[in-house]
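From first to last, the protein sequence lines stand for chains B and Z. Using the numbering used here, the first residue of the first sequence is number 584, and each one after it goes up by one. Using the numbering used here, the first residue of the second sequence is number 519, and each one after it goes up by one.
These aren't lab readings, by the way, just hints derived from the structure by calculation. It cannot be assumed that every hint is accurate.
[What the hints assert, rightly or not] With a straight-line Cα cutoff of 25 Å, these simulated SDA-like cross-link-like pairs (lysine to any residue) come out: (1) Z/Lys-588 with Z/Pro-526; (2) Z/Lys-617 with B/Ser-585; (3) Z/Lys-575 with Z/Tyr-540; (4) B/Lys-592 with Z/Arg-625; (5) Z/Lys-617 with Z/Asp-589; (6) Z/Lys-575 with Z/Ile-531; (7) Z/Lys-617 with B/Thr-596; (8) Z/Lys-575 with B/Glu-682; (9) Z/Lys-617 with B/Leu-644; (10) Z/Lys-617 with B/Asp-612; (11) Z/Lys-577 with Z/Glu-559; (12) Z/Lys-617 with Z/Lys-577; (13) Z/Lys-617 with B/Ser-610; (14) Z/Lys-577 with Z/Ser-545; (15) Z/Lys-617 with Z/Gln-527; (16) B/Lys-592 with Z/Lys-588.
A quick note: this is a predicted structure, and the numbers were derived from the prediction, not measured.
Here is what each chain is made of, one letter per residue.
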Amino acid sequence: DSGVTQTPKHLITATGQRVTLRCSPRSGDLSVYWYQQSLDQGLQFLIQYYNGEERAKGNILERFSAQQFPDLHSELNLSSLELGDSALYFCASRDGTGELFFGEGSRLTVL
Amino acid sequence: TQLLEQSPQFLSIQEGENLTVYCNSSSVFSSLQWYRQEPGEGPVLLVTVVTGGEVKKLKRLTFQFGDARKDSSLHITAAQPGDTGLYLCAGARVQGAQKLVFGQGTRLTINP
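Can you make the complete structure from the sequences, with help from the hints?
Structure, rendered in C-alpha cells:
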C-alpha cells in the first residue's frame, strides 16, 4: 500500500461525457502528479500540483483540467471524452527524497 | 518521440536465466529511476541512480547508470517468476526537476 488513494478504480462511460478522477496523496506529501498510461505510449506526465498550485504541465489536453484543494486532495477532470482517452490514470505523491509513490490507478474505458 | 527508449519492449525467459534491460537516451539526465509495476497496481520505485558510472545492487538486481548519464541498465541474475512485471525507467532532466520522463517499459515474463 503506497498510501496514495485513487477513486474510482474503474469507470466506463460514453464518448462526449465528462468524468472526475480523485486522488488523495500520502499523509504529509504536498505534491500530486497525474500520469496517463496507455498500452502504446507508456506513462505520460500530465500535470503536477504543489500545495494547491500548479507547478509543471506536461502533455495535458485542453479538454482535461486538474486542481488541488486545501486538504491536498486532487481531482482530474476529463471532458468531451473520446475513445482514445481510454487509459489508466495514475496519481502519485512525492516525498522529500524525490521518490514518487503511485496510487493503484483509475481505469477509464470510453465506449 | 520517446525521450527514453527501453529495450527490449517484451522479454520472456525461463526461470534461472539472466537478463539485461536497457534504457537509452540522447539526453543527459541528472538522475534516473527504475520502477516495477505489477498488474492492477501503480509503479513502485526500485532504485535511484544519480552519479555517472554508479552501480547499485538490490539482491539479484543490478542497476547501472552510464558514465555520460544518458543511459542505464538493469541486470537480473537467476530470474524468478516473482520478477515478472513491467519495468520502467524514468529520468529527471535537471536536479530537483518536477517532471519525470518515463520510458515505455519492458514487460518481463519469467516462466517456471
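Here's how the hints hold up against the structure:
1. Z/Lys-588 with Z/Pro-526: Answer holds: Z/Lys-588 to Z/Pro-526 is near 17 Å, not above 25 Å.
2. Z/Lys-617 with B/Ser-585: Since the Cα atoms of Z/Lys-617 and B/Ser-585 sit roughly 20 Å apart, the hinted pair holds (cutoff 25 Å).
3. Z/Lys-575 with Z/Tyr-540: Answer holds: Z/Lys-575 to Z/Tyr-540 is near 16 Å, not above 25 Å.
4. B/Lys-592 with Z/Arg-625: Given that 25 Å is the threshold and the Cα spacing comes to 22 Å, the pair holds.
5. Z/Lys-617 with Z/Asp-589: holds (18 Å)
6. Z/Lys-575 with Z/Ile-531: Satisfied, since the Cα-Cα distance of roughly 21 Å is no more than 25 Å.
7. Z/Lys-617 with B/Thr-596: Roughly 30 Å between the alpha carbons, so the hint for Z/Lys-617 and B/Thr-596 is violated.
8. Z/Lys-575 with B/Glu-682: This hinted pair holds, its Cα atoms lying about 18 Å apart.
9. Z/Lys-617 with B/Leu-644: holds (17 Å)
10. Z/Lys-617 with B/Asp-612: holds (16 Å)
11. Z/Lys-577 with Z/Glu-559: With a Cα-Cα distance of about 22 Å, the restraint between Z/Lys-577 and Z/Glu-559 holds, given a limit of 25 Å.
12. Z/Lys-617 with Z/Lys-577: violated (29 Å)
13. Z/Lys-617 with B/Ser-610: holds (21 Å)
14. Z/Lys-577 with Z/Ser-545: violated (29 Å)
15. Z/Lys-617 with Z/Gln-527: Holds, at about 23 Å.
16. B/Lys-592 with Z/Lys-588: Violated, at about 36 Å.
The structure fails hints 7, 12, 14, 16 (numbered hints given earlier, in ascending order).
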